[in-house]
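Go by the hints and put chain B onto chain A.
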Amino acid sequence: MMIKKKLILVLFFLNFYHFAFSNEKIDESKIHKNLRCLVCQGQSVADSNSDFALTLKIVVKDLINKGKSEDEIYEFLSDKYGDWILYKPKLNLGNSLLWILPYLVLLIGGLIILYLIRKNDKKI
Amino acid sequence: MLSNVGNFLLCLNIFLSSLIIHYSFKFLKSSSAVIFRNVYQITVIQSTLVLICFFTLVSAFLISDFSLITVYQNSHTLKPIFYKISGTWGNHEGSLLLWVIVLTIFSFLFLISSKNHPKNYRIYTLIIQNFLILGFLLFIFFNSNPFSIVIPTPSEGLGLNPILQDPALAIHPPLLYVGFVGSSIYFSAALASMITDYSDKSFAQSIKSWVLISWIFQTLGILVGSIWAYYELGWGGFWFWDPVENASLLPWFAMTALLHSLLVLEKRNTLYFWTIVLCLLTFTLSVTGTFLVRSGILNSVHTFANDPSRGIFILIFLSLMIIGSICLLFNKYKPTKDNFNSNSKETFILINNWFMMFYLATVLLGTLYPIFTDALSENKISVGPPFYNSVIIPVVIIFLFFMAFGPQARWIKSKFSNYRISLLIITGAILINFIISFFFKSYSLISNLIMISSVFLIISSFLDIFKKSNYNFSRIISHLSFGFLIFFIGLNHNFSIEKDFNLKLGQTKKIENYNFILEDLKLDQKSNYKSVIGELYIKNLVTDEKKILKPEIRIYNNPSTLTYEASIKTSFFRDYYITMSNIDRSEYYNIKYQEKPFMIWIWISVVTLSLGGCLSLFRNAKNN
Chain A
1 MMIKKKLILV LFFLNFYHFA FSNEKIDESK IHKNLRCLVC QGQSVADSNS DFALTLKIVV
61 KDLINKGKSE DEIYEFLSDK YGDWILYKPK LNLGNSLLWI LPYLVLLIGG LIILYLIRKN
121 DKKI
Chain B
1 MLSNVGNFLL CLNIFLSSLI IHYSFKFLKS SSAVIFRNVY QITVIQSTLV LICFFTLVSA
61 FLISDFSLIT VYQNSHTLKP IFYKISGTWG NHEGSLLLWV IVLTIFSFLF LISSKNHPKN
121 YRIYTLIIQN FLILGFLLFI FFNSNPFSIV IPTPSEGLGL NPILQDPALA IHPPLLYVGF
181 VGSSIYFSAA LASMITDYSD KSFAQSIKSW VLISWIFQTL GILVGSIWAY YELGWGGFWF
241 WDPVENASLL PWFAMTALLH SLLVLEKRNT LYFWTIVLCL LTFTLSVTGT FLVRSGILNS
301 VHTFANDPSR GIFILIFLSL MIIGSICLLF NKYKPTKDNF NSNSKETFIL INNWFMMFYL
361 ATVLLGTLYP IFTDALSENK ISVGPPFYNS VIIPVVIIFL FFMAFGPQAR WIKSKFSNYR
421 ISLLIITGAI LINFIISFFF KSYSLISNLI MISSVFLIIS SFLDIFKKSN YNFSRIISHL
481 SFGFLIFFIG LNHNFSIEKD FNLKLGQTKK IENYNFILED LKLDQKSNYK SVIGELYIKN
541 LVTDEKKILK PEIRIYNNPS TLTYEASIKT SFFRDYYITM SNIDRSEYYN IKYQEKPFMI
601 WIWISVVTLS LGGCLSLFRN AKNN
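Quick note, the sequences are listed as chains A and B, same order.
Residues 1 to 124 in the numbering used here are what the first sequence lists, from first letter to last.
Residues 1 to 624 in the numbering used here are what the second sequence lists, from first letter to last.
Incorrect hints may have been included.
Claimed, not checked - Covered by chain A, according to a simulated footprint, are these stretches of chain B (three or more residues, beta-carbon under 8 angstroms): (1) 248–256; (2) 361–369; (3) 383–397; (4) 454–461.
As the list claims (entries may be wrong) - Reference excerpt, derived from the structure (chain B facing chain A, CB under 7 angstroms, subset only): (5) 25; (6) 231; (7) 235; (8) 430.
As the list claims (entries may be wrong) - Label-pair ranges, simulated between beta-carbon atoms: (9) 504/B with 52/A: 50 to 60 angstroms; (10) 569/B with 67/A: 36 to 46 angstroms; (11) 440/B with 13/A: 34 to 44 angstroms; (12) 569/B with 39/A: 29 to 39 angstroms.
Simulated from the structure, these hints should not be mistaken for lab results.
By construction, the Cβ of each residue, glycine as well, lies at the ideal position given by its N, Cα and C atoms.
The shape of chain A in the complex, shown without the other chains (with noise of 0.2 angstroms):
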C-alpha cells in the first residue's frame, strides 16, 4: 500500500514537471486580455481591431521590453487611463470587498455545514 501511494505522489508531481521548469516568461495575450478596450462595447483590448486596441498592443509590447513586469505595466495603465482598464480590479482598500467576500461566503457556508454535522455527532 505505501508503496503504491508513493508511486501515484510521484506521478502526481510528475505532472507538473513542465510547469515547474518553464521559464518565467511575460504572457502577452494574458496582458491583452485583462485590459478593456475603452472605446467599444464590453470588448477586451485582445479581442478589439480598434485603432486604440492595436495602440495599446504596442505600448504594452514596449514596456515588456523595457523590462517592466507585468504589474508594473498594470500600475502604468492605470494612472494613464484610470482602474477602469483593468478587467482585474487591483487589491487595495476600496476593492478589499470585493476580493474578500465571496470567501468569506465559502467559509461561512463551511461552518454551518459543519456545525449542523457536529450537532449530529454529538447527539450519537
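Positioned in the frame of chain A, the structure of chain B alone reads:
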C-alpha cells in the same frame, strides 16, 4: 386597428387577473365548489386571451403595421419573415408580453396539475401569481405598451439591430424566459406554502417538476446565448463574464442549488426553510437580472434597449417582492432540528448548495460591485474574466471532487467503503492528465488540477453506470456531462491557437506550419445587407490538408451597421475560426485565425447536461 385590439386585450387581462384574485379570496372564506369553478374558468380565459394578445402583436409585425411604435422601431418591410416574427420579442415591450405569457400559462398549468394538493395552497399560489401578473400587466400598459401608436404613421420601419437578426438569437429569449419566468411559479408556491403551513415532502413534490422545467430551459437558453456570442461577436470566445450573461447565470446557480435541496426535502422531510429561501431567491434573481439589463445601468455588449423609467418600476416591484417575502419568512420561521451525518447524501447535497452559493455570491458581487464603487466613490472599476477565473476556478477543482463523491453516499448514513476504488480512479485521472500534458503541451498548475479533477468526476460518474445500488440515470448523465463540460473547456482553453495578421488580395502568408492565401474577394447583395466575402485558403504544410473559409464583412442597410461575420469550420476535434476586418485607408485586411479544439463537445456536454434534467422530469411525471 391592431393597436385598439391589443390595448383592449391588455385591459381585459388586467380585469381578469383582478377578478381571479377577487374570487380566490372569496373562495378562501367560503370554499364553495361554484366559486372554485369560476376561478378555474377565468384562468382558462385569461391564458387564452394573453396568447391572443401576443399573436396580435406578432401579426402587427408580420404585416408591418408601422402605426405601432414598437413595430416601427424594430421592424422593416424588407426583413425576412422569420425575423419579423422574432422581432416581436427582440425588443423590450414585446419581450415583456412574452414574460406575462409565461407567468399566465404557468399559473394555469400549475392549477390543473396540482389537483392532489390542498386547495388552499393552490389558491394562494394562484393569488400570488396573479399579483405578479397584474404587476407586469400594469407595467406593460402604462410604461412599456407595445400597442402605443405613432402619429402620423411612418411609411417604413427603422429595422432590427442586425446582430439580433440571427436564428440563435431568435430562440434565445423564449428559452431563457421560460427559465427565468418559470421560476415565478415556485416563488408563488413557496409563499403559499408558508401561508398555509404546507411544509412537508408533498410540497417538494408539487414544485419539483416546475423547478426541473425552468432549470432545463434556463440551461438551454444560456447555451444558445453563448453559441450566439461565439459565432456572432467574432472574438472566438463563448463566455465573456459579461454582466448580462451573468444575469442569466445567477438564477441558474440558485435553481441548481434548489434542484438538489429539494431532494432532501422530498426524501428526508428536512431543510424546508432553506428550500423556501432558494425558491424565493431564484425568482428574485430573475427579476434583478431583468432590472439590471433593462435599466441600462450595466455596461455590456448585449445592452440593446434601455430606459431609466423602466428601471424604477422594476426596482419598486422588486423591493416589494423582497420585503414581502422576507417579512413572511421571518414571521413563519421556526428553528428545526436539522442534523446530518457527516457521510450522508444530505450532507453532500448541502455541500453542493454551499458551493452554488459561493459561485452565486462571486458573480453577483462582481456584477454589482462596479455599480456601487461608481456611485459611492466615482471610481470606475471593471470586473471582468480574469477576476472570475481567478476566484472561481480554484474552487471548482474541489467542487468537482465533491461532485464525484457525493452520489456514492446514501441517505441518513453511509460508510466510506470505496476508498480503494477512489484511489484507483485518481491514479487514472493523474495518468491521463500526464499523458495529455506530456505528449501535447504543458499547461499551468491550475489547469493541471482542473483536468485531473474533471477526469476524476468523469470516471467516477461513468463507473456509477455499472453499479446496481443507488442507481439514478438522470443524475449520472448530468454529473457526467458536467465533468465533460469542464474537461473540454479546459482542453479548449489550453490548446487554442490564435494568429493575427494582415493580408491583401492575392497575397500569401506563411505562419509556422500554415500557408494563408487571400484568394478572392466577392461582393454580394442581399435584401437587408451588402457584404464583402473573402475566400481564404489555409494549407497545412505538414499534413497537406486544405481548407477554404469565407469570412464576411456585412453592411446592413436598416439601420446601417457594419458587422464582421466569422467563418467557422466545425469538425470532430476542432473548430477553425476566421474573422476578417477592413483596415481604414489601406488595401490590407486584418485576419484573425483561431483553432478552437473540442468546441462542439462543449455544446454537446451542455445539451446532455440538460438531458439529465429531462430524464428526471419524465421519471418524476411517471411516479406521480
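(request) Determine which of the earlier numbered hints do not hold for this structure and return their numbers in increasing order. (result) 1, 4, 5, 6, 9, 11
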